[in-house]
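Student: Spelled out from the first residue to the last, the chains are:
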Amino acid sequence: MNQALKPHFVSLKTIVEKLGGELISEDPACQVSRVGTLENAKADAISFVSQAKFLPQLATTQAGAVVLPIAYRDASTLPRIITENPYLYFARLSAFLNPPKPKTPGIHPSAVVAASVQCGERVSIGAHVFIGENVRLGHDVVIEPNCVIADHCHIGDNTHLMAQVTLYAHSQIGSRCILHSGVVIGADGFGIAVDQQRWVKVPQLGKVVLGDDVEVGANTTIDRGAIDDTIIEEGVKLDNLIQIAHNVHIGAHTAIAACTGIAGSARIGRWCRIGGSARIAGHIHIADGVEISATTFITKSITLTGTYSGGYPFEPNAQWRRTAVQIRHLDSLNKTVKTLEKRLAALERKVT
Amino acid sequence: MNQALKPHFVSLKTIVEKLGGELISEDPACQVSRVGTLENAKADAISFVSQAKFLPQLATTQAGAVVLPIAYRDASTLPRIITENPYLYFARLSAFLNPPKPKTPGIHPSAVVAASVQCGERVSIGAHVFIGENVRLGHDVVIEPNCVIADHCHIGDNTHLMAQVTLYAHSQIGSRCILHSGVVIGADGFGIAVDQQRWVKVPQLGKVVLGDDVEVGANTTIDRGAIDDTIIEEGVKLDNLIQIAHNVHIGAHTAIAACTGIAGSARIGRWCRIGGSARIAGHIHIADGVEISATTFITKSITLTGTYSGGYPFEPNAQWRRTAVQIRHLDSLNKTVKTLEKRLAALERKVT
Amino acid sequence: MNQALKPHFVSLKTIVEKLGGELISEDPACQVSRVGTLENAKADAISFVSQAKFLPQLATTQAGAVVLPIAYRDASTLPRIITENPYLYFARLSAFLNPPKPKTPGIHPSAVVAASVQCGERVSIGAHVFIGENVRLGHDVVIEPNCVIADHCHIGDNTHLMAQVTLYAHSQIGSRCILHSGVVIGADGFGIAVDQQRWVKVPQLGKVVLGDDVEVGANTTIDRGAIDDTIIEEGVKLDNLIQIAHNVHIGAHTAIAACTGIAGSARIGRWCRIGGSARIAGHIHIADGVEISATTFITKSITLTGTYSGGYPFEPNAQWRRTAVQIRHLDSLNKTVKTLEKRLAALERKVT
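Chains as they are written, first to last, in this note's numbering: chain A, 941 to 1292; chain B, 941 to 1292; chain C, 941 to 1292.
These are calculated hints, taken from the structure and not from any lab test. Heads up, a few of these hints could be off.
Copies of the same chain look alike in the list, so a pair counts if it fits in one copy or across any two.
Listed below are the simulated BS3-like cross-link pairs for lysine-lysine, each with C-alpha atoms no more than 25 Å apart in a straight line [unchecked claim]:
| hint | residue 1 | residue 2 |
| --- | --- | --- |
| 1 | K1141 | K958 |
| 2 | K982 | K993 |
| 3 | K1278 | K958 |
| 4 | K1240 | K1290 |
| 5 | K1141 | K1043 |
| 6 | K953 | K1141 |
| 7 | K1275 | K982 |
| 8 | K993 | K1043 |
| 9 | K993 | K1240 |
| 10 | K953 | K1278 |
| 11 | K1041 | K1141 |
| 12 | K1141 | K993 |
| 13 | K982 | K953 |
| 14 | K1290 | K1278 |
| 15 | K1041 | K958 |
| 16 | K1240 | K1278 |
| 17 | K1282 | K1240 |
| 18 | K982 | K958 |
Let the hints inform the model, and build the full structure from the sequences given.
Tutor: Here it is, written out as structure tokens:
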């Protein structure tokens, strides 16, 4: 994980052979062993520029090489790799230089695993894990220490549960998923019916279904459906501390930043991008490809692709207090203006 | 939990004998084995309509039977049960058709339970659970795997801790409570006194007291009191990822949706309903029966029953940018209007 | 933890000898055994007043003694201790009367601890803890049950991990830190590059570094850096359910209330105070000593010390609906007013 532990060098020539891109270097044998930021990289590291605003840092960086977009191919004299999308290139380069350390397969003796569990090949189950009845684990699944997997869950090939993940009964997790620590999948949705004297719990009988290649950030919660299922399609990426309520449906490849809350039965399209701390009301539909800015509260369905925003502007405290007063008087200000219009029109008629 | 595993059929006649309601059916022997949504139910399932907007789905549903409100008793020709509150009826019917599978009592050999723990009858303690000194567990308590219960906690009869719940020392949990995975009860409140050079921690000596029939959603946190206790009265329902700060007092049967934060020493009445991502400032009082809309930030005490809202409207991004500029100029707009009024009045005096 | 268990009395005289302050009492031998609130304290407890608004409660309190600020030294006839900062005094007094119960050192037999772990003296490791390879624990470290500490972590002297804390590999925790239950340190930051058809994960290679005397509230998440590290300097205090994204840098002694989210690469100064549910956008800088009010969304860098706010005002629902309409029409209202100004000016020219 930490690059410091494995300093093996690779030449830029090998990198472009592997990952593509155009190499510009007086010394194609130039080697790097790690990735670095323009600010902190040393001669053993390769860095990148994806946005014009970072170009000035090229003048001072101590990186040994750099990845640049086509438009800025000559913005540096360093050994460099030219590519269309440097951020994507960098993601791949970083993965290439830092291959994940394979887990030793096996079940830790302290794990409690029901006899009915079906295990694929090369599965790794860590210390203090609990796995209930009739669970099915694909090949190369890794379950880190202290996870709890309740009865009847299915987990696809190559999926990785970090420490302390909880799956309630019947959860279905796709292949190549990553669930970070503290994630809770399949807890009861918030379904309560009001009786005269008290709340009555509505049994939550659906399950959670995660498609392939889903990543779920730390301490995020995804509730099981009330009757039908909560569905997160393939390639969805969820950040930390997100709440997904019962019967939400999230389309493939949608990405959602941290602290966002999505209320029950909301249906979100494919390839949406939702900023941090956004709120989506229950039972609404959001079209494919919609972008929602951070902190926006979406209260109605959105049928047209586009960017929608609702962050309230901040101000120095004294000014904010004055603004808040005006906001509470907006309705009366509007009436005042309407009255002024009428009085002015009357006066104009009189004078003309 | 998953209905598919236990398809035993029950006649509508048996259902109304058990749960009340009026049965309208040419075939009172008609049987169902599960509940379903209008959209996805098959002939073996009974569905329901609670709001007029779902009535059109009655035309196309494949459900074998349906629960309808009195006002729409003839909205379908399906075998049907007529009742005043279909959602409540459905909650009970669903519980009737899906009785919880009883846990086998006993203490898993991997659990670490202090010798001083007092256990009621039929208690179930799962794998890798830790229970500290002088803990008292009522009858029929279920502690799922990997929970941690610190010293001196009390847990009432029939309470169910899902996997990975943490109770700090001295926490008191009522009877028939459900605590979902990742819940943390009794962590230190955020009490810090400022010294010239650094923060000094204020010891958090109170505890958390949960009444009977409280449900707490996944990853919700309820902090212990600083000196006196944090109190959640009976029947309170909390959704996921909620923060309850030290010394908060929540009245009986109040329901709070996900991602809401309640600051220290706030006092919330009985039978309040608080929407998702709401924020309640510290030290304020909220009367009984108050409803707070999602994302609203309550900064002052509320003494009158009613609904209070403060969600900021979203707009397409370009329009939102213009609005945000205007909001920052609201104070000057207001002054402009006031000046216009004066000038207009002067002109009116002159002309008349 | 709960005061009820250890009623040993201390005289006010001993307290002022230990902690300073001026004692005013007809009976300097007067003794207390605990701290209490003005409202609920009995004769065995000492209470305090830090703000003028609590003075009226002095008339009815049953406390045996009280801590008062210099300005109100005669606001009560109770035995009293006079000091400049009663809240700070109270924090120290409370710690003095409630010394933490020392943990018995040792490793619980159910813990799984790699042979390569280096342990300081008097370390306590609880049940079902997992500690990976090459971890270094300082002296007097306490690891409560069910924590997971991945490879290569370092934890400084006297640091206390409450139950169910997770440290990902390479996390560095300072001395005298407190990490509450459910905290996740070092999960992957939310780094994804867009390819034509899908998201590509950007490896998260940095780590998390926490300085000395940092406290982290329950279920808070701090992500590891993408390339460089996420850094939380000494004395920072974080409440519950906070999200700190990758490569954030928080200056020493900054305090952040619950439910706040800080986006990637934001840089926050020293001694800032950030209210609950605040949001800080990515890549911005906030100067030292800045105060941010609860629920404020900071979208731009702040270079001047001061208080900044952005909470949207709440209203009774009907009024809020009218306000929301006006907000959406603010731009057109502004245009109307500008037109009025022109028409009025024209009329004024005509009439004068």
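Student: Now look at each hint and say whether the structure bears it out.
Tutor: Here is how each hint holds up against the structure:
no.: 1; hint: K1141 to K958; in the structure: between (56 Å within a copy, 18 Å between copies)
no.: 2; hint: K982 to K993; in the structure: within (21 Å within a copy, 58 Å between copies)
no.: 3; hint: K1278 to K958; in the structure: neither (68 Å within a copy, 62 Å between copies)
no.: 4; hint: K1240 to K1290; in the structure: neither (47 Å within a copy, 49 Å between copies)
no.: 5; hint: K1141 to K1043; in the structure: between (42 Å within a copy, 19 Å between copies)
no.: 6; hint: K953 to K1141; in the structure: between (63 Å within a copy, 24 Å between copies)
no.: 7; hint: K1275 to K982; in the structure: neither (64 Å within a copy, 56 Å between copies)
no.: 8; hint: K993 to K1043; in the structure: neither (40 Å within a copy, 53 Å between copies)
no.: 9; hint: K993 to K1240; in the structure: between (36 Å within a copy, 16 Å between copies)
no.: 10; hint: K953 to K1278; in the structure: neither (72 Å within a copy, 64 Å between copies)
no.: 11; hint: K1041 to K1141; in the structure: between (46 Å within a copy, 16 Å between copies)
no.: 12; hint: K1141 to K993; in the structure: between (54 Å within a copy, 23 Å between copies)
no.: 13; hint: K982 to K953; in the structure: within (19 Å within a copy, 61 Å between copies)
no.: 14; hint: K1290 to K1278; in the structure: both (19 Å within a copy, 22 Å between copies)
no.: 15; hint: K1041 to K958; in the structure: within (20 Å within a copy, 55 Å between copies)
no.: 16; hint: K1240 to K1278; in the structure: neither (29 Å within a copy, 32 Å between copies)
no.: 17; hint: K1282 to K1240; in the structure: neither (35 Å within a copy, 38 Å between copies)
no.: 18; hint: K982 to K958; in the structure: within (23 Å within a copy, 53 Å between copies)
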